[in-house]
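Enquirer: Top to bottom, those sequences are chains W and R. 1 is the number of the first residue of the first sequence in our numbering; add one for each residue after it. 586 is the number of the first residue of the second sequence in our numbering; add one for each residue after it.
Quick caveat, the hints were computed from the structure, so don't treat them as lab data. Keep in mind that a hint or two might mislead.
What the hints assert, rightly or not - Computed footprint of chain R on chain W, listed as stretches where at least three residues anywhere in the stretch have a Cβ under 8 Å from a Cβ of chain R:
| no. | segment |
| --- | --- |
| 1 | 175-183 |
| 2 | 233-242 |
| 3 | 358-367 |
| 4 | 427-434 |
Every value quoted in this text rests on a predicted model; they were computed, and no experiment measured them. Every residue, glycine too, gets a C-beta built ideally from N, C-alpha and C.
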Amino acid sequence: MRKSLSLAVLAVLAGVLLMALAACGSDSNDKSSSNGSSSGNGSEFNAALPASDQKKGGTLTVPSVESFQHLDPGQAYFQLDYMVDYAVHRSLYYYKPDNSETAVPDLADGDPQVSKDGKTVTVKLKKGIKYGTNKNVPGVTGSEVKAADVKYSFERTSKPSVPNGYVSVYFPFEGGPSKGIETPDDHTLVFHLAKPFGATMAKALVMPITMPIPERYAKKFDADTPNRYDTHPDEQAFTGPYMIQSYSAGKSLTLVRNPNWDGATDTRPAYVDKIVWKMGADPTVRDRQVLDGQNMVNGDTLAGPTVKRAATGAKDQISFSPLGNRYVSLNTQKKPFSDVNVRKAVAAVLDRRAMQLARGGALVGDVATHFLPPGLPGFEEAGGMEGPGFDFLKNQSGDLKVAQDYMKKAGYSSGKYNGPQIVMYGDNASPAKDTTLVVQRGLEQLGFKVKFNQVEHSAFYDTCQTVAKVKDKIDVCANPGWLPDFFDPYAMLNAVFNGEAIVPQNNVNMSLFDDKKINAEMDRAAELTGAERAKAWGEIDKQLTEQVASIPWFWDKQANLQAKNVHGVIAKWNAAWDLSWTSIK
Amino acid sequence: MSTPELLADLEQAEPVPTGGTDAIAARSPLELFWRRMRSDHVAMAALVFIVGLILVAIFAPLVVKLVGAPPPNKQSTAALDPLFGSPTGPSSEHIFGVDQLGRDIFSRVVYGARVSLEVAIISTGLAVIFGTIAGMLAGYYRGWVDTVISRVLDILLAFPILLLGIGLASACSLGNGCLGGAIQPGLRVVILVIAIASFPYIARIVRGQVLSIREKEFIEAAKSLGASDTRIIFRQVLPNLVAPIIVYTTLVLPQNILFEAALSFLGVGVQPPQASWGQMIADAVGVFDTAWWFMFFPGIALVLTVLAFNLVGDGLQDALDPKTGRG
Numbered sequence: 001m002r003k004s005l006s007l008a009v010l011a012v013l014a015g016v017l018l019m020a021l022a023a024c025g026s027d028s029n030d031k032s033s034s035n036g037s038s039s040g041n042g043s044e045f046n047a048a049l050p051a052s053d054q055k056k057g058g059t060l061t062v063p064s065v066e067s068f069q070h071l072d073p074g075q076a077y078f079q080l081d082y083m084v085d086y087a088v089h090r091s092l093y094y095y096k097p098d099n100s101e102t103a104v105p106d107l108a109d110g111d112p113q114v115s116k117d118g119k120t121v122t123v124k125l126k127k128g129i130k131y132g133t134n135k136n137v138p139g140v141t142g143s144e145v146k147a148a149d150v151k152y153s154f155e156r157t158s159k160p161s162v163p164n165g166y167v168s169v170y171f172p173f174e175g176g177p178s179k180g181i182e183t184p185d186d187h188t189l190v191f192h193l194a195k196p197f198g199a200t201m202a203k204a205l206v207m208p209i210t211m212p213i214p215e216r217y218a219k220k221f222d223a224d225t226p227n228r229y230d231t232h233p234d235e236q237a238f239t240g241p242y243m244i245q246s247y248s249a250g251k252s253l254t255l256v257r258n259p260n261w262d263g264a265t266d267t268r269p270a271y272v273d274k275i276v277w278k279m280g281a282d283p284t285v286r287d288r289q290v291l292d293g294q295n296m297v298n299g300d301t302l303a304g305p306t307v308k309r310a311a312t313g314a315k316d317q318i319s320f321s322p323l324g325n326r327y328v329s330l331n332t333q334k335k336p337f338s339d340v341n342v343r344k345a346v347a348a349v350l351d352r353r354a355m356q357l358a359r360g361g362a363l364v365g366d367v368a369t370h371f372l373p374p375g376l377p378g379f380e381e382a383g384g385m386e387g388p389g390f391d392f393l394k395n396q397s398g399d400l401k402v403a404q405d406y407m408k409k410a411g412y413s414s415g416k417y418n419g420p421q422i423v424m425y426g427d428n429a430s431p432a433k434d435t436t437l438v439v440q441r442g443l444e445q446l447g448f449k450v451k452f453n454q455v456e457h458s459a460f461y462d463t464c465q466t467v468a469k470v471k472d473k474i475d476v477c478a479n480p481g482w483l484p485d486f487f488d489p490y491a492m493l494n495a496v497f498n499g500e501a502i503v504p505q506n507n508v509n510m511s512l513f514d515d516k517k518i519n520a521e522m523d524r525a526a527e528l529t530g531a532e533r534a535k536a537w538g539e540i541d542k543q544l545t546e547q548v549a550s551i552p553w554f555w556d557k558q559a560n561l562q563a564k565n566v567h568g569v570i571a572k573w574n575a576a577w578d579l580s581w582t583s584i585k
Numbered sequence: 586m587s588t589p590e591l592l593a594d595l596e597q598a599e600p601v602p603t604g605g606t607d608a609i610a611a612r613s614p615l616e617l618f619w620r621r622m623r624s625d626h627v628a629m630a631a632l633v634f635i636v637g638l639i640l641v642a643i644f645a646p647l648v649v650k651l652v653g654a655p656p657p658n659k660q661s662t663a664a665l666d667p668l669f670g671s672p673t674g675p676s677s678e679h680i681f682g683v684d685q686l687g688r689d690i691f692s693r694v695v696y697g698a699r700v701s702l703e704v705a706i707i708s709t710g711l712a713v714i715f716g717t718i719a720g721m722l723a724g725y726y727r728g729w730v731d732t733v734i735s736r737v738l739d740i741l742l743a744f745p746i747l748l749l750g751i752g753l754a755s756a757c758s759l760g761n762g763c764l765g766g767a768i769q770p771g772l773r774v775v776i777l778v779i780a781i782a783s784f785p786y787i788a789r790i791v792r793g794q795v796l797s798i799r800e801k802e803f804i805e806a807a808k809s810l811g812a813s814d815t816r817i818i819f820r821q822v823l824p825n826l827v828a829p830i831i832v833y834t835t836l837v838l839p840q841n842i843l844f845e846a847a848l849s850f851l852g853v854g855v856q857p858p859q860a861s862w863g864q865m866i867a868d869a870v871g872v873f874d875t876a877w878w879f880m881f882f883p884g885i886a887l888v889l890t891v892l893a894f895n896l897v898g899d900g901l902q903d904a905l906d907p908k909t910g911r912g
């Protein structure tokens, strides 16, 4: 889900998530090689990693085009919201910026304990973590974070004033949050789950829903919709190194140090003294300011030309971080794409190299050969950059002959489609629009007559995520993408392709893919841990690719830009700046 | 300056070439018009440009082939920057450069002329037909007919027509169009919107002319002879409207070309992947500072076309109505 929001932004901003085939920079002129290793950030570009010589002090300015959506940790579900929430609150676990594979305890004291049957998860809390507030609130300011506060963070999502889309997915408590969460003492949380889901749920404890909110303080906020805890985030109770000092929706946000934060209990260095976030910038102007200015980093997606300018002229100021994937959804429950051979034919004809170039080239992402993006557990197991090796995804630039063979297998003896017109939905703004035109051309090469409805990005998601609108009516949703909610293959694949997760509204399984065997394997793989887990999900990824649950074509990388005197640090899990780790030189 | 004097000037400027046998002969209005028009070299140059443009639009596939450019919708990844995917500029292979998908700008400009001319000519034609009918009815019958028609025109003139275009286009761009499929997304919506936007101007001009014509003696004569309204309108009034209608048409046409470009720029109008100048300019905005050719060539085509129509319009106006001519 996080994807639909983040992506909304990403795509609306046309500007492009740039991705970086950084390591491939040298050889990516060669079509065949953008498959090469791309993991490398150790390339010529800014590595954006923490260093031991970073200094304290100074004010950091963050200009952004987009505004925040929700700064209430219970509702936050967007890249920009996360950037701020993880600087002003502490979740049970969190990812250090340079390691998104292993979460470290934050509020928690030690790793989560998952019971053998996978139905109980126990978390201990650190002692002595205190709330800070802007104005003194008796009984809250300076009081200690208790287990009940984390429990309340979950409980309040059942109120209409705290809409949250993922709690029920990743936290299937036995009897709901109020019954399913036990607090035997002030520093212990016991989560009881309705199914053996502990392995996955323990990984989801990094999400902002685990940031503590004291019931005694927030209850009066949560009684009303819209929730003042969200619309006036400067009134929240903060546990992170910073506090929101002031907030003006759509304009600016100021963070200052939280006097009640104790660095000894935290792994965040919190270098800068103050952070000023300015919204509503023009992307091109903003990029120039950051490129030539002082004390600045970008808040959101860069404009396309900036990437080219910085990547050729200011390599030490731009960094590229992988984040998610993009695919083309074919309706698997409607003719003609209910036939897997027709889907394979479309996959084979698709010019994914042209789509990559339309999005900004190899720096902003790799041509995908399966669904799990580089770095995520299961990626290597599913075939790595080379992919599982199916013939219909072999040639990045498309292979008409292979496509026609599959069309023949599907019963179209001429190798071309001759049925009625098909309906496709896609974005009306670049760069997503440009990639959909490549899709359209591929379909037309196979003889499809395409009725192409180009709509606003939000309308694209509204339409393609409503089952009733898709089921018998839409054949192709041309430009969906997905970001994992946390660093785990479950968060990448389950919601998008598990047939049992199909819901009437906000349905992210746009291809309506529902394969009983794969559904069961996903449920089983959710219970595994460690290497077994990666292997199982890699296997599932292969099968999804073979069944063409959708056509994977891109692994995004987001470009981020820093001013010359800034030592920026990218939170890899969010592909954006980590405000608690970035410093001024 | 009176008419005879102007004619004398023209005779001097451009003497009748041969023999002179009919130098003193009576000339039909058409003949007179053509003589005046021919003497306006700027307008004639513009006219030649327009005729050329129309031919290019009609024979677009042939033109593209002759120049050796690829077809307008051919996406060529080889023509894009291999690292950044950014468009490349004019080269021997792509004389105007390529766009963000590696499509040839020259081909797209040539094919784009089809859209611009088609929309402008059809919508102007519709506007002229409706405008003339409405204007004649209002001017000839006066009374409540005039009141109703004039107020409707006032309302249309007060309408934010660009917003109407965007609204109609988004309402009609999903599913099977609107009004039971009568209005389909794409060019038809654009043509309709532009026709609605421009016909009130023509109707007003026509109405004004008819108001003065209907008081002339020959109309009274026709009436006293018992001619029907229909006969008077079509046989007596209409022929006297031809000159102002032609002049006004040539002035509305370039406006409508710009209007089409504006609507395309806003994403209303042609369906992908068809090329139109406005849409090309819109696509080019994001990469303007790194790919000037992407915006320059469709932009220059638009400017030249509108300029040519305006110049021809001016020339026609002078030629048809010498009283407004330049000294």
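Enquirer: Flag every earlier hint the structure violates by its number, smallest first.
Expert: Numbers 1, 2, in rising order.
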